Structure formats: C-alpha cells, structure tokens
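Residue numbers (this note's numbering), protein chains in the order written: chain B, 598 to 752; chain A, 598 to 752; chain Y, 524 to 933; chain P, 524 to 933.
For the record, the hints were derived by calculation from the structure and aren't laboratory data.
The structure presented is a predicted model; accordingly, all values stated were derived computationally and were not measured.
Errors might be hidden in some of the hints.
Unchecked claim - As a list, the in silico DSS-like pairs of lysine-lysine whose alpha-carbon atoms are at most 25 Å apart: (1) P:Lys766 x A:Lys642; (2) P:Lys766 x P:Lys545; (3) A:Lys734 x P:Lys659; (4) P:Lys762 x P:Lys530; (5) A:Lys692 x A:Lys734; (6) B:Lys734 x Y:Lys766; (7) P:Lys659 x Y:Lys659; (8) B:Lys642 x Y:Lys659; (9) Y:Lys766 x Y:Lys545; (10) P:Lys836 x A:Lys734; (11) A:Lys657 x A:Lys734; (12) P:Lys836 x P:Lys597; (13) A:Lys692 x A:Lys657; (14) B:Lys734 x Y:Lys659; (15) B:Lys642 x Y:Lys545; (16) P:Lys762 x A:Lys642.
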Amino acid sequence: MGCPPYGRCLALELSDLYSQVIRDHNRSRHNKRTLCDPTVTVPGKNPSCGDEIVLSLTLKDGIIEDAAYTGVGCAISEASVSIMIDLIRGATVAKASELCHLFFRMIGSESLTREELEELDEAVAFSGISRMPARVKCATMAWHTLQVALQNASP
Amino acid sequence: MGCPPYGRCLALELSDLYSQVIRDHNRSRHNKRTLCDPTVTVPGKNPSCGDEIVLSLTLKDGIIEDAAYTGVGCAISEASVSIMIDLIRGATVAKASELCHLFFRMIGSESLTREELEELDEAVAFSGISRMPARVKCATMAWHTLQVALQNASP
Amino acid sequence: MMHTDYKEDFPLLLHTDATGVKVAYLDNAATTQKPRQVIDAVRTYYERYNANPHRGAYAIAMQVTEAFESVRSKVAQFIGAPDPEHIVFTFGATDGINQVAQSYGEQVVGPGDEILISVAEHHSNLLPWQRLAANKGAALVYLSVDRLGCIRLEELAAKLTSHTKIVAITHVSNVLGGINAIREIAAMAHAVGATLLLDATQSVPHIPVDVQDLDVDFMVFTAHKMLAPAGVGVLYGKKDLLKQMEPARVGGGIVEEVREQRVRFLDAPMKFEAGTQNSEGIIGLGAAIDYLEAVGMERVQAIEHRLMEYALKTLAAVPHIVLYSTGDAANRTGIISFNIAGVHPHDTATILASHAVAVRAGHHCAQPLMAHLGVNATCRMSLYLYNTEEDIRRLADGLSTVREVLGLGT
Amino acid sequence: MMHTDYKEDFPLLLHTDATGVKVAYLDNAATTQKPRQVIDAVRTYYERYNANPHRGAYAIAMQVTEAFESVRSKVAQFIGAPDPEHIVFTFGATDGINQVAQSYGEQVVGPGDEILISVAEHHSNLLPWQRLAANKGAALVYLSVDRLGCIRLEELAAKLTSHTKIVAITHVSNVLGGINAIREIAAMAHAVGATLLLDATQSVPHIPVDVQDLDVDFMVFTAHKMLAPAGVGVLYGKKDLLKQMEPARVGGGIVEEVREQRVRFLDAPMKFEAGTQNSEGIIGLGAAIDYLEAVGMERVQAIEHRLMEYALKTLAAVPHIVLYSTGDAANRTGIISFNIAGVHPHDTATILASHAVAVRAGHHCAQPLMAHLGVNATCRMSLYLYNTEEDIRRLADGLSTVREVLGLGT
Ligand SMILES: Cc1ncc(COP(=O)(O)O)c(C=O)c1O
Ligand SMILES: Cc1ncc(COP(=O)(O)O)c(C=O)c1O
C-alpha cells in the first residue's frame, strides 16, 4: 500500500474540495429556513460528528413545490444539502429519485455521460469526494435523507 | 531478551532434569500405594495437564507415621512426591512444614546452606527446575499438597 | 516473493540457535509462525500510517481506515461471505463465541431449551454455552465423537429436537483433526429451527471454507492460527441475525447517538466493534490472507495431506507409540495425538524439546474429550504448509529416545 | 539508544512524504506513535520466539511465557500495584470496563442502587454503566464538570449516598484534559461503601500514577495510547474484588478443571484471560514501559507541561479561535479543544490535514460532554513527549488559513 503525501488529503486538492460553488452555498444559506407546512420532515445524521440536518419538503401532486433544511453540518454537508434543494425544487418525485441514483453513481466513481453530469448541475462539485473517504458521508447525507423523505411521502 | 538454544530446554540439561534419582523413583514406585487408615487425604492438581496426585498421611502424636500417594503425574511430579514421602516419613509435623519452606526457597533460586541442602537430601534433584519454568509446577505440586494436608490435619 | 519451499518465508523457522539447530515447529494448532510478508505489513503500518481508524480526517488516519476496511472485504471474499457487512472483527475466536453466546444466546435460549455441542469442543466453544445453559435453565447436551473427533449424523438426528435452539460445533477437532460434515449438520439443525455456530478455528487456516456453501449461521476463527498476529479474530454472521443482536461489548465507535440515559447503535458490523480495534493485527491478517491465497487453499490442503500420509506412516513405526486416531489421511487435517506407552506426555514433550522439536502436551483445552478418550493428556503434533518430511523424521527420532532418557529401556 | 529529541525514535514522525513534508502529529489522545524500540520488540518476537504462551514445554514457548509474565510484573511496578497478580491483561480499556461492569457490576448493583459517573466520560466508561443500570433497575447519576472536565467534590459529596454502589470516573478528560482529584474521590466513595473504577486511559501515558497511593479499586488503561500496540489493555483490581468476580469471558486457558456440566476456574489474574492473548502486543507494551521509564514519567509530564504553556499562548493568538478550556497549564495534560468561529470542526481538521497537521474533529466519543459544552463537535489537539514547539506553530499557522479557504475572509 503506497503512502499518500501527507499534505494532500489523499489526492484531493483543497481548492477542489472547497470549490467556489461549495463556498458560495455555504455563505448564502438561502435554503436554510423553516417551511411553514411541510408534507414531510426527515432528520439526517452523521454519526462521526453528531451533526444533524433536517430536510423538509412540501409536495403537491407529485411535485416538490418547496424544500428547505435546518440544523448544522460541516461546509461539505451544508453545501451538499443546499445544492440538492436547488436541484429538486420544482421537480417531480420521480425525477428527484432519479437524481439520487445519479448522485450515488457519481460518488461511487462510476463515469457518467455528459448529459447525466449536466443533470446533476452544481452537485458535480462533489465528484472528487471519493478520494477523501473521511468526508464522503458529509456529501451523501443530504441525498440519503432525501431518499427516506421520498419513501415516507409516497402513499 | 536473549534467545536460549532450542535444544536446551532453557539451559537445563536433560540429564539434570531426568537425573538418576528421579529415574529411580519413577521406576520403583514404592510410595505409590493406598494407606489403610489415613488421617488426612488431599488431592493435588496440575491444571496445565489435568493430572491429579492424591497424598495420604497417617499421623500419630504429631508424627507422620506413614505417607503414600495415588494418581498419575509426569516423571517429575511422581518423583517429587515420592522423594518427599521418603523425607517426611517418621518426621514431626513441624519438621515436615520446615522442609516445605526449604524446598520452596530452593525452587525460588535462593542459595541454601550446606546443612539445609543436606536436609532436603534427594529433593535437591529439583534444584535446577527454575530454569525450566514449564515444569516448576510439576516439581512443586507435591509440596503444595503437603502444606494443605498439614493444615487440614492440625487441630 | 513466494517460494515453493515455504519455510524460506518464515524467519523463525530459518533461525539457527547457538548450537546450530533450527526448530522443527509442529505446534501449529496452538499458533502458527508468521511469514516475512506479515511481519513487514505490521512494521510498515507502524512506520508509515499508524493512526486510529474511522476517526480522523488527516492522511494517515484515512489510510489506515481504508486498509482496515479493505481487510474486511478480503476476509469476506476469503470465506465466501456475500459482503463485508457480514464480517465482524473480534479479539479472537474465544471472544467471538462469547459475543454470540451473550448477544444472541441470551435472546433465544430459555428454560427447557437445549444447546447441542460435541464432546470434542475446545473449552472456548464449551464454557460459554455451559454458562448460558446454567443461567437460563436450559440443558447443555453433548454429542459423542468418532475416532477422528467427528460427530455422527445419526446421533445428531436423534438429539435434535424442537427444543434445540443452538448447535455449536467445531469444524475440525483441535485434538484429533477430523473434518465434520458441516453442510449436512447445518441442514439438519435448520430443519428443527436451530441456529448453527461453527467454530472454524482449526479449519479456515487449513482447508477451503465457504460460509454460503456450508450455510452456517455464525462462524468464528482466529488470526494467529493462520499466519497472522494474535489478538484478532473474525465473527461471520448472517445479516438478519447480526441485525437482531445487541452488542455484547459497548463503548466508543459503535454509536449513532448517545444521550445520558439512552443510546442508538450503528448497524452491524460497526456496532460490535466497541473500542479501539487491533489495527496492526487486522492489517497483518490481510497480509496473511494474501499469502494463503497466493499459495491457494487447495494447495495448502494438499501439502498437509501429503505430509500427513508420511507422518501417519512414520509415527506408526515408532516403538511404544499409542496413536489416538489411526487410519489414513482422508477427511482430516494435519493433527495427530499420541502418547509413548508408560510415559507422561509432559515428559515426552520435554524430551522432544531437547531435540528442538516443538509439540504440545496436555489436555489441549479439551478436557471432556480427554475423558472420552480415557486419558488425562496427550502429545499432539500439528502441521502447516511450511512443515517438511524432515520435521516429521526429527519428531520420530526424538520419540525413539524418550523411554531411554527416563530409564525405561528402549 | 534514547535521544533527548524523542522524535528521533519514531520512524513515522521522521518520514517525509513525496512533497518533502513530515506530519505534525497532534492526535495523541486518539492513539500514539510507536518508537523503534517497540517496533523492534514486536518484530523480534515474531522472528525469534513466537509461540502460544502458557502452553508448551519447548524453548520458544517457555521464552514467550517468561516474557509475557515479566510484562505483567513490569506493569504492576509501573502503576505501583502490590504484585503481578493484580494485573489482568485485556484487549483494551473498553474491554476492561465492560468486564468490570459485567463481572462485578452484575453482582453488586440491584434495583434502586445508583452508579455515579461524570458527564465527561468517554462512551467506553458510560455505555457499560448505562446498560447495567437499565438491566438492574438502578439509576445512572451524572456529575457535571468544570471548564477542564473535572468533577467538583461538593457535587460528589451531595450525590454520594448509601445507594451508590459504583463510582466510575475518568482520571483525565479526553476532551478537556483536566486531572481529577482521585485520592479525594476515592476516599469519599469508600466512605459510603462505593467501589471506584478509574478510567486511567488518558493519565497513565502522561503522568505518574500509583494505584495504592490513589487507593482506587479498579483501574483500566489501554496500551496503544502509551507508545505500545493496539489490542491490549490492562485491568488493575484489588485482590479481594478480583477474587469474588466470575470471568466475563470464558474459554481456553482459564480453567483448573472442566467437566461436561461444571467448571472450576483458576485464580486471578489467569481466570480473566480466556483465549489466546495478544502476546506481541503485551511484549510491545513491555518495551513501551521500558521506554517511558527510561525517560521518566515526571519528565514526560514536564515536557508536556512546557509544550502546553507554549500551545495555550500560541493558540490564544489565532484569530477567531474559540478555546473550550482556557487558563494556564496547571492541573491538566496536553489536550486542548477548540473551534474556529463560524467553521465546522470537520472542515478545520480537513484544512489542517492539507498542511500535514493531524488533529481530530468530532465528538471524541463524549457526546454528553458535547451537549454540556453546547456544541456538536470540536477540534482537539493532544500532545505527547515527542511533540515540539514547531508542531504547535504549524497548527497555529494552519488554523490561520481556515476561514480564507472557506471564503469567510481572514
Ligand atoms: C478516557 C478514555 N477512556 C476510554 C477509551 C477507550 O480506549 P480503547 O478504545 O483503547 O478501548 C479512550 C480512548 O479511546 C479514552 O480516551
Ligand atoms: C477449535 C478451537 N476453538 C477455539 C480456539 C480458541 O482460539 P483463541 O484462543 O484464539 O481464542 C482454539 C484454539 O485455541 C481452537 O483450537
């Protein structure tokens, strides 16, 4: 087993990990708020740090009309949930579910087509996270929580 | 920690371990029998091999009139109990108790005086056993059993 | 680099002492020697990426986590488990059996129930069940064994009842070396609704073992008997069983959330690995599995089989020898128990030690089997892939001197 | 050979990666690095006398037995125990606490009784008691702690009652580093007839500890946090307590006699050491104690104290830092928990990692303490004798870049 350079966080550059997109979402926090009358609210937990992010969705006729989160997480997990919310707001449940699958395929280092990558839009900022195993859970927590929320919401 | 030569059993020669005295006692087995009406009978156990040797004493007026053993043990433990019985037969309880202490001092690598070594007589055959840690319990089992027997017998 | 003369990989076996002698190591059922590859894996860990796994964002912490989890995958694949989540690291086979007895046994065994074991079990696969049965008012029922230490399927059939909750059986007797018919035993146990724990401590190092093929519910083994460090073991469990179990040992690293008066555990396998694990040992186990797979488990078995044929023939010719499991080399691993007539096994082993021949004497942590055989203790020689015919000849030569040393004639 | 620049003895700390960088290892409360002396002791064991201890009459088996038992004596002397029979080898601190909770706790705790712990306990000294209390209908009562994680004696006095059966307290908080006043705590616990278990995991490696002077009833610690291998721990117990306890784990090596339906155990400490022990780890622990004694535990403490003075001063000057235990370096070991304002500790640790500075971020297996502090998680730097002022400067320099990397300004 070769030794990765200490200063490299296992081959992912710091500027790739904390990219402009991620930094922007962290600062703006436009999706960090409480929904008035959410259809479904699901907590997501990262056991390694005790963090909890709560995801809320308002659904109508199979459409995610609005979504938001509360709670605290690291820059990666808060950016990930915020980017995800931007992506799924206005989407059908089916579409959101499909995006989940796409996201997990990307994290699992599968190579996606250009169209697929375009669908994930800003979420491609996390494509390198698998080279940073300690932080994978931070990036995926939002999407795992969404899966549970979609299941709970489906009648 | 230095490495002892493999062929040396930790620095004790085979001919010292299985000396003539020990071999003789193993063959003769003159103390391996059942006493008719023993005052006290105590089992001694070696947990590492499951062996059990049962020591019996006939006491009268503070004198060990007779002693014998039954059971099976290795050459070392059977020789040790046999030599011990030869030593204590006819001795007072106080004297037998003193011999126990002498024997344990010898095993503990204390240097004894010439007079003390003479008191132990044939039991000095075990003086080197401490260099053979795996077999120390075989040599001392008889004497531990004797200690218990003397305690049980004392009113 | 892998040699066909496997001894070349084992520094301890190559070492000559002050008198120019190498050890003939024939106590492999107690523990095995470690190849250079394993020793180096442990040293490299200490020198390059020693850190507490699962707990840090810095480079070496991630590296050890990755190495640690990759051994879990390797173990899963080595024993044919469906995925790494079935693999729990323990501190040894004894630890693994105790965990199952405490976590699972406590749940399923009640008054009037029965636990079935064989009379050939190692104390580590006996005492946890004896205690569980006593605590629960259940019965500990014994199966007798044949001359190789194997249970008889007819007796098993007769003793399996609807009260039988757990069957705990060794794959290979550590005293007699016979290989139990686990596939059949599993099917029979399952037919009455019992759960089968397989003590594979003496099989996984020596023969190919596939948990799905055998259809066992739990399986334990220990790393130090398969070229790897001590203080590490493996517990395999079927997923639904692991899921329903509470951890036997609780502490750091196994929780999702701790509050002052309650706790939520992580899923298996993490919930069973409380406290800092033996990372160096686990990494050593990975290197040991690499070594064994490079040789091939079929080949390991074939090497031992060939040596056993030679050993059975050679030992049978030793004067005054008493062999406790005669017959040919079929359906057994490389273990032979014996005594020299009129000589206590401790004396035999000591005299062999003076010839630098390492065998074990005693009850081998199998006292009920000793009672079954009608002896207090035996000598046992046990082989591994690095042994040679010369080792066995040295054993036979040493044995021929025993009675003379003790003054019993030749 | 022993250097005064202790780093010279630690291969991992000397290693430069492909970019020419050495790690500034400041995660010693999680695990410590191993000196050459320990690495060599383990390798020599594998290459010269690897065998199963207590079980063989041949030379290497006797040699490992002797080495194994000599470490027991060394440990006894290191912590001031009256003799080696007080020393039980375990697989780690977590294992040791679980054993006491199961063996001793099960016996003495009943409905309505109380177990007293502090809110600063590591999960390993919390969950075993939480479970015991729940199983027995007893209460788990918490003591709050001061800014260094130490309990207050007035609160202890108020909460100790005739129902208090067990007091289980850490010697040093693994998050805040304060040293509890154990001598006083022991006297107070004993005055109401309670038994004191000391979790010395974070103290024995760093300060002189004497069990008789402190008068603790049980004490546990773990080898991997004191320069030694993982998978080994120590349980000290007073003789009459060890005597009255049944072993929590049963199996090979702990029995005087096994029959099909009953067992007689050996005396302590052997009865608690079921199964093959981690001999290489124990031998490594012996080498680690030799190393620490050659330095001297007073000196170890003095080195850390001097570094702490520098660290407290240096970190206080870092912009936006939030320190969770301010004040001077008195009455504490080399642990500082902190955060950078507005930044999650995981991000801080990741950014430090990119500077090859190793600290830990998370709840440090102390979630109730995190709740007490009102945070989810912190960063923690923790020192050992080989750290230097340069390591601390690298930490401070790295911290100064954190907010910028995240686009939060400097
Ligand atoms: C205070 C304290 N107690 C107990 C433990 C548990 O030690 P281990 O994981 O070695 O069992 C730790 C470390 O993780 C600790 O810091
Ligand atoms: C059949 C069998 N089961 C269990 C064990 C216990 O293994 P360990 O001592 O590594 O826990 C052994 C070996 O000692 C064994 O031979």
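Hints violated by the structure (listed by number, smallest first): 2, 3, 4, 8, 9, 10, 11, 12, 14, 15
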